[in-house]
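A.B. asks: The lines below spell out each chain.
Number of protein chains: 2
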Amino acid sequence: MASLIQPRVLKGFRDILPENEIERSGLMEKITKVYRSYGFVPIDTPVLEYSEILLRKSNGETEKQVFRFLDNGKRDVALRFDLTVPFARFTAEHESELYFPFKRYHLSKVWRGEKPQAGRYREFIQCDIDTVGSDSAAADFEILSIMRAALAEIGVKDITIHVNHRGIFNRFLAKLGVAEKSEDILRSVDKLAKVGKEEVKKELVEYTQSEEKADQILTYISGSTDFDSTLSMIEQMAGGEDSDSQRMRDIYNMMKAAGIEATYVLDPSITRGLDYYTGVVYETFLNELPSIGSVCSGGRYDNLAGLYTKTKLPGVGASIGLDRLLAGLEQLGKTGKKGSYLDVEIYCMDKSLAVHYQGVAEKLRQKGINVEVFPEAKKMAQQYAVTDAKTVPWGILIGTNEAEKNVLTLKKLATREQFENLTVEQAAEKILSEK
Amino acid sequence: MASLIQPRVLKGFRDILPENEIERSGLMEKITKVYRSYGFVPIDTPVLEYSEILLRKSNGETEKQVFRFLDNGKRDVALRFDLTVPFARFTAEHESELYFPFKRYHLSKVWRGEKPQAGRYREFIQCDIDTVGSDSAAADFEILSIMRAALAEIGVKDITIHVNHRGIFNRFLAKLGVAEKSEDILRSVDKLAKVGKEEVKKELVEYTQSEEKADQILTYISGSTDFDSTLSMIEQMAGGEDSDSQRMRDIYNMMKAAGIEATYVLDPSITRGLDYYTGVVYETFLNELPSIGSVCSGGRYDNLAGLYTKTKLPGVGASIGLDRLLAGLEQLGKTGKKGSYLDVEIYCMDKSLAVHYQGVAEKLRQKGINVEVFPEAKKMAQQYAVTDAKTVPWGILIGTNEAEKNVLTLKKLATREQFENLTVEQAAEKILSEK
Chain A
3 MASLIQPRVL
13 KGFRDILPEN
23 EIERSGLMEK
33 ITKVYRSYGF
43 VPIDTPVLEY
53 SEILLRKSNG
63 ETEKQVFRFL
73 DNGKRDVALR
83 FDLTVPFARF
93 TAEHESELYF
103 PFKRYHLSKV
113 WRGEKPQAGR
123 YREFIQCDID
133 TVGSDSAAAD
143 FEILSIMRAA
153 LAEIGVKDIT
163 IHVNHRGIFN
173 RFLAKLGVAE
183 KSEDILRSVD
193 KLAKVGKEEV
203 KKELVEYTQS
213 EEKADQILTY
223 ISGSTDFDST
233 LSMIEQMAGG
243 EDSDSQRMRD
253 IYNMMKAAGI
263 EATYVLDPSI
273 TRGLDYYTGV
283 VYETFLNELP
293 SIGSVCSGGR
303 YDNLAGLYTK
313 TKLPGVGASI
323 GLDRLLAGLE
333 QLGKTGKKGS
343 YLDVEIYCMD
353 KSLAVHYQGV
363 AEKLRQKGIN
373 VEVFPEAKKM
383 AQQYAVTDAK
393 TVPWGILIGT
403 NEAEKNVLTL
413 KKLATREQFE
423 NLTVEQAAEK
433 ILSEK
Chain B
3 MASLIQPRVL
13 KGFRDILPEN
23 EIERSGLMEK
33 ITKVYRSYGF
43 VPIDTPVLEY
53 SEILLRKSNG
63 ETEKQVFRFL
73 DNGKRDVALR
83 FDLTVPFARF
93 TAEHESELYF
103 PFKRYHLSKV
113 WRGEKPQAGR
123 YREFIQCDID
133 TVGSDSAAAD
143 FEILSIMRAA
153 LAEIGVKDIT
163 IHVNHRGIFN
173 RFLAKLGVAE
183 KSEDILRSVD
193 KLAKVGKEEV
203 KKELVEYTQS
213 EEKADQILTY
223 ISGSTDFDST
233 LSMIEQMAGG
243 EDSDSQRMRD
253 IYNMMKAAGI
263 EATYVLDPSI
273 TRGLDYYTGV
283 VYETFLNELP
293 SIGSVCSGGR
303 YDNLAGLYTK
313 TKLPGVGASI
323 GLDRLLAGLE
333 QLGKTGKKGS
343 YLDVEIYCMD
353 KSLAVHYQGV
363 AEKLRQKGIN
373 VEVFPEAKKM
383 AQQYAVTDAK
393 TVPWGILIGT
403 NEAEKNVLTL
413 KKLATREQFE
423 NLTVEQAAEK
433 ILSEK
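Residue numbers (my numbering), protein chains in the order written: chain A, 3 to 437; chain B, 3 to 437.
Keep in mind that the hints were calculated from the coordinates and are not lab data. Just so you know, not all the hints are guaranteed correct.
Same chains, same names: a pair is fine if it fits in one copy or spans any two.
Claimed, not checked - Calculated cross-link-like contacts (lysine-lysine; reagent style DSS-like; alpha-carbon spacing at most 25 Å):
#	residue 1	residue 2
1	159	32
2	196	117
3	76	66
4	32	340
5	111	13
6	314	32
7	339	35
8	414	35
9	392	32
10	111	32
11	159	369
12	177	215
13	432	35
14	66	159
15	369	183
16	32	365
17	258	76
18	312	381
19	437	32
20	365	413
21	314	381
22	159	365
Please work from the sequences and hints to get the whole structure.
C.D. replies: Laid out in structure tokens, this is it:
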């Protein structure tokens with residue numbers, strides 16, 4: 003016999019065991035439900051693409067992290083590292099088959115060969131939504147509204163969504179005469195929460211060559227007391243009202259019309275380091291656990307698929323970082339401990355009744371009850387251990403006498419309460435009444 | 003400006019557009035629901051694994067087809083080509099954390115670099131269930147029952163599941179004195195439907211060196227009139243009752259107890275060419291379209307994870323070939339044409355009412371209605387074109403007068419029937435009553 007192969011996964015990869023996968027897929031189902039309810043539709047794209055398509059726009063950092071190789075046909079291919087680039091390629095390729103505005107959701111795995119660290123994996127799930135083909139306050143607002151609704155659906159209601167507008171910020175920097183340094187400045191401001199005000203100021207002085215300008219930027223990003231007054235303040239500092247500040251005002255009015263404005267703050271320090279955002283940007287923090295960082299972020303870009311088509315497609319989107327969110331929920335003790343989807347287990351008390359058990363199971367199934375038959379007459383302790391692990395609420399016990407009389411004993415497994423001599427119909431009724 | 007990159011997917015790969023992805027994910031959700039209802043639980047494993055783990059047991063054919071490469075850490079890795087091998091590795095690696103019998107489902111993508119042809123892709127979805135750690139009729143029967151139930155859930159009820167037992171067949175071949183040729187013979191018999199009886203007989207004569215033995219094999223695989231008599235016949239030809247034929251009888255009795263026996267035939271010509279099956283084997287055909295081949299197959303193996311652990315884990319499983327099944331449903335005209343999950347669209351008749359529309363939308367959402375606000379005041383024809391593509395059943399029209407009076411016009415888009423001057427609550431009621 004050949005020697006055994008050590009069973010192991012690759013560094014930075016992981017298996018997900020049932021209890022955690024039940025939790026994770028439950029979150030994904032709820033997020034999907036909300037995405038659908040706003041009119042977003044699913045698409046699918048290959049996990050493997052031409053490297054040329056995935057990597058043209060990326061910087062060196064992405065390139066180093068990507069899983070890239072020559073396939074058997076000598077094509078230069080790579081595993082996708084996000085869902086946005088494939089979506090851009092998809093939109094350009096199928097432009098004539100789509101309608102616009104096109105609103106798609108995509109929940110799927112992506113791969114990055116990052117240095118593995120606590121809570122960071124090389125394979126992880128992104129939950130993306132994007133609307134392309136509309137540059138409107140309604141499209142911006144919708145993404146902001148759906149972020150709140152999706153998190154609420156999974157029980158995460160104590161959140162703050164920080165919103166900002168890159169256009170207003172850039173106009174302010176231009177007015178200050180430091181437009182050519184805007185990328186550096188945005189990147190520096192983006193680090194505010196991480197490195198603190200003093201460090202940021204040092205950098206700003208370096209970029210602007212002026213203590214006064216650095217102070218003005220710090221005043222700008224500190225904002226004011228509420229959404230309205232912060233908006234007035236930054237609008238003023240940027241040189242007065244324009245279409246960008248009007249856009250923010252429209253969005254805020256929509257939040258108020260929907261009665262959900264309390265979840266949002268206008269935070270002029272939010273910049274989202276990435277270069278391609280051009281309009282609103284946003285990040286979402288758990289109020290009870292802000293330290294884990296943003297669990298849902300995104301923004302508006304003015305040209306999604308410019309690498310692949312001449313059609314200019316403005317868009318706005320967001321992505322929920324499912325694994326970070328899950329880690330946060332775990333820390334907050336807000337994850338479930340469900341071991342299966344079963345309502346009831348029919349224990350195997352007597353091997354000779356194996357056929358009888360299947361008949362009972364089928365009757366229960368026809369009433370919409372999730373039922374498992376323990377397949378072998380193992381010791382009861384062993385059978386109970388399995389239903390404990392699977393967190394089954396009810397058990398059914400049928401011995402020879404009961405089988406003859408066509409009755410059963412129903413047991414509430416948490417309390418060990420027993421209900422004897424029930425018909426299958428009576429048992430079904432009881433199980434369904436507490437489902 | 004850099005030249006455009008041609009947007010395209012790799013040969014043998016494909017994008018799935020919304021209408022088809024809605025269909026496909028709908029099937030997966032229904033299949034998952036049934037898997038769960040029988041007590042199966044989900045796991046997840048990485049799409050990339052060490053090549054050593056994936057390929058040890060495979061033959062040269064698999065090796066040629068697999069996407070294999072050296073990663074940035076010079077590890078020899080490959081994309082999984084099925085869900086069974088990773089499950090075997092998973093079971094061995096987590097043996098101490100699992101309970102047995104362990105029943106898992108896994109619906110996910112796998113990759114094979116096969117020569118692309120109509121309906122065959124290099125990336126496709128498998129929908130697997132397996133029970134490991136139980137060698138019992140109940141476990142065998144459960145998989146057979148779930149195959150029927152899962153297909154019924156997606157509306158595919160006109161099917162026949164062909165069942166056989168490899169053990170009985172092998173005993174028969176041993177009695178015939180041709181045991182050492184059993185692999186060749188099984189492979190030959192497996193081709194019966196494809197190449198016809200004459201061709202198979204030619205091969206059998208070659209393998210057995212006897213026209214008489216070839217005829218006996220042909221008699222065996224032809225079976226008799228019904229389950230019972232076929233079982234008696236093959237049991238007889240194999241030398242009388244033993245545990246294997248008793249197993250088949252137990253399974254058949256369970257089918258009868260559950261009242262589902264009409265879906266199954268005992269078909270001694272089903273062998274499932276793959277070497278690792280040792281007990282029951284089965285294939286599923288659409289009665290209206292048998293020519294597309296089996297849409298759901300599987301069987302029992304006696305040692306799932308033998309490459310990775312000394313623990314002997316017998317198991318039984320099945321896999322639904324989702325893409326083949328979908329192709330079949332399409333041919334039969336049984337796929338839906340749903341463009342979104344929306345109940346209602348609020349058209350944008352007047353840009354100045356954009357904020358008002360969001361308030362109405364939120365009220366509808368709170369009643370569980372899936373609603374989209376058209377984000378811009380485009381021409382109505384353009385707005386209707388989008389809701390046509392998204393197959394939205396209802397539209398809401400609100401002009402300035404209606405907004406002032408807080409009413410709306412509800413339009414049934416298929417019939418153009420209009421209901422005027424409704425409050426939001428009245429509209430919600432109407433929409434929900436026909437949902």
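A.B. asks: Tell me the hint numbers this structure goes against, listed in increasing order.
C.D. replies: As far as the earlier hints go, 6, 14, 15, 17 are violated by this structure, in ascending order.
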